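K.L.:
Sequence:
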Amino acid sequence: ASFHGRDIDALAEPLSHLHHSYLAPPELRVRAQQDVYQPMDLLAPEEIDRVAAMRATPALIKSYLKLGGFVGDGAFVDHKFNTTDVCLVIDIDLMKPAARARYSKGSGT
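Each residue of the sequence shown is one higher than the one before, counting from -16 in this note's numbering.
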């Protein structure tokens, strides 16, 4: 999922919040490719205004987080599309039961 824009300084708070609060566990954690890796731990946890960080986080990313999603290690600044991309992963076994039931209706799971 993406943040609009490529200004890492402007995105430091939401990216840092995602890194410190929603980093995937090691067994699920993917890492941005080294040649395009943008660190997300730009601010220390105590420097982050969590409310402002979440306000600056796109709705799609917040929706994945509410479902129990995690972010991978590092972001990718996409100059062609003027976005900063983060990888989101959801382990359906870790999802809240109500959400899992809602999104798996008719899937046979």
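Just so you know, the hints here were simulated from the structure itself, not pulled from any lab data. Possibly wrong hints are sitting among the right ones.
Lysine to aspartate or glutamate pairs mimicking EDC-like chemistry, simulated, CA-CA at most 20 angstroms apart [what the hints assert, rightly or not]:
hint, residue 1, residue 2
1, K63, D(-8)
2, K63, D18
3, K49, D76
4, K45, D74
5, K45, D18
6, K49, D32
7, K49, D74
8, K49, D61
9, K88, D76
10, K63, E10
11, K88, D74
12, K45, D24
13, K49, D68
14, K63, D74
If you're wondering where the values come from, they're calculated on a predicted model, not measured in any experiment.
K.L.:
Evaluate each hint against the coordinates.
P.N.:
Hints and how they fare:
The suggested pairing of K63 with D(-8) holds, with an alpha-carbon distance near 19 angstroms, which does not exceed 20 angstroms. The hinted pair formed by K63 and D18 meets the criterion: a straight-line CA distance of about 16 angstroms does not exceed 20 angstroms. Note on K49 and D76: the hinted pairing holds, with a Cα-Cα distance of about 15 angstroms set against a maximum of 20 angstroms. Annotation: proposed proximity of K45 to D74 holds, straight-line Cα distance about 16 angstroms (limit 20 angstroms).
Distance restraint check for K45 and D18: the Cα-Cα separation of roughly 27 angstroms exceeds the 20 angstroms cut-off, and the hinted pair is therefore not satisfied. Our distance criterion of 20 angstroms between C-alpha atoms is met by K49 and D32, whose separation comes to about 19 angstroms. In summary, the hint linking K49 to D74 is supported, as the alpha carbons are separated by about 13 angstroms, within the 20 angstroms threshold. Distance check on the hinted pair: K49 and D61 sit about 25 angstroms apart at the alpha-carbon level, beyond 20 angstroms; violated.
Of the pairs offered as hints, the one joining K88 and D76 holds, with about 15 angstroms between alpha carbons and a cut-off of 20 angstroms not exceeded. For the proposed pair K63 and E10, the alpha carbon gap of about 31 angstroms is over 20 angstroms, so the pair is violated. This hinted pair checks out: K88 and D74 have alpha carbons roughly 17 angstroms apart, not beyond 20 angstroms. A distance of roughly 18 angstroms separates the Cα atoms of K45 and D24; the hinted pair therefore holds under the 20 angstroms criterion.
About 18 angstroms separates the Cα atoms of K49 and D68, which keeps this hinted pair within 20 angstroms; it holds. With a C-alpha separation of about 30 angstroms, the suggested pairing of K63 with D74 is violated against the 20 angstroms cut-off.
The structure fails to meet hints 5, 8, 10, 14 from the earlier list, while all remaining hints are met.
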